[in-house]
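Let the sequences and hints guide you as you build the complete structure.
There are 2 protein chains.
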Amino acid sequence: VTTTTRALTVTEAASRRRSIWAYAPDLVPRADIEAILAVTALAPSAFNLQPWRFVIVQDARLKQALAEAAHGQRQILGAPAVIVLYTDMRDALANADAIVHPSLPEDRRAGALRSIERFFAGKGDDEREDWGAQQGYIALGYLLLAAAEHGYQTSPMLGFDADRVKAALDLPSHVPVAALVSIGRGVEDGRPHHRLPLERLARFV
Amino acid sequence: VTTTTRALTVTEAASRRRSIWAYAPDLVPRADIEAILAVTALAPSAFNLQPWRFVIVQDARLKQALAEAAHGQRQILGAPAVIVLYTDMRDALANADAIVHPSLPEDRRAGALRSIERFFAGKGDDEREDWGAQQGYIALGYLLLAAAEHGYQTSPMLGFDADRVKAALDLPSHVPVAALVSIGRGVEDGRPHHRLPLERLARFV
Chain C
19 VTTTTRALTV TEAASRRRSI WAYAPDLVPR ADIEAILAVT ALAPSAFNLQ PWRFVIVQDA
79 RLKQALAEAA HGQRQILGAP AVIVLYTDMR DALANADAIV HPSLPEDRRA GALRSIERFF
139 AGKGDDERED WGAQQGYIAL GYLLLAAAEH GYQTSPMLGF DADRVKAALD LPSHVPVAAL
199 VSIGRGVEDG RPHHRLPLER LARFV
Chain E
19 VTTTTRALTV TEAASRRRSI WAYAPDLVPR ADIEAILAVT ALAPSAFNLQ PWRFVIVQDA
79 RLKQALAEAA HGQRQILGAP AVIVLYTDMR DALANADAIV HPSLPEDRRA GALRSIERFF
139 AGKGDDERED WGAQQGYIAL GYLLLAAAEH GYQTSPMLGF DADRVKAALD LPSHVPVAAL
199 VSIGRGVEDG RPHHRLPLER LARFV
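Line order of the protein sequences matches chains C and E. Read in order, the letters of the first sequence correspond to residues 19 to 223 in our numbering. Read in order, the letters of the second sequence correspond to residues 19 to 223 in our numbering.
These aren't lab readings, by the way, just hints derived from the structure by calculation. Ideal placement from N, C-alpha and C gives every residue a C-beta, glycine not left out. Among the hints, a few may not be true.
Which residues of chain E face chain C? A few of them, derived with a C-beta cut under 10 Å, are [unchecked claim]:
id : residue
1  : Asn66
2  : Phe137
3  : Pro215
4  : Leu219
Take a look at the structure:
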């Protein structure tokens, strides 16, 4: 495993990122987690609602509970920290006033808030949370690249019992949990990328 | 608007990215789009299914159709190219064999395919496509950062009539359209980021 002190370019971060399941026991300094989340929080969201929320789990007992909620995936107990990424549209919409851009004059500010209200008016609670969950994955893309840039390895997990995760972390029952992300200094190289060829994915018209 | 020839770090790309609605008319070279999509395609997905697909629209008549499907958002007609990001779980699952990692021995290969089958067995077509749509947003996060790294500006749009987008581009009716992303050389600076403070988003336990 090679690490670097130079910040990685986007291409380097995407190329070097691997799903890593084995980690050195060293704690991840809080300042590093905060730097990674500060980049993550720059991800765009529709209406700038930023519905993503993060719980950074380092407590051994809580990690044990997460591991049990995630079918015992060993990267949870093996990693010094696990970032739980969830989304909360109820919270985001209740505080929509805080996300409207401060450069907007008063009338456009009111218009922006009305647009949000109109967009979600016909949608029930579940539909709103499903919508927010999608936005959460934009932040996940950012988070994985930001962690790689800072010399950390990760493993994003999407398969777990969300109710048990929420119970362990005292999260409200209405929030979707997008991912658990183990993070630390990897002690294995991980598998090389295996991806479909671009011709299979892209069409120019 | 400043551009750079040096590839940007993840933090630089996230910091400089803005939603940009006005572009120079210069076409985006196909090689640049392919370089950006090659990075995007390195995004991780559950089971490595890579359900994301891309249509790169440069044809004026098709851009007009997209603009009409997207409530006339001016960044579509103003941008030299629009990348339509959609997901296709039917296609991904029908070709699951291609995504299993080649390093796996035969028995683990069969096990990986059975895991996929088991996970989706209880899910109907719509649920599968909704699941795939979420994965698409991981790729969107990557795409926006990769475009910024390559000196391009973008505007991701999530509000449009998906049926009209699919009709214009001859996409199958079952696929969710995750986003339209205008891309080009921006001729405006865009608004500075306005984000919730990290204390509002993150909790350490």
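Name the hints, by number, that the structure is in violation of. none
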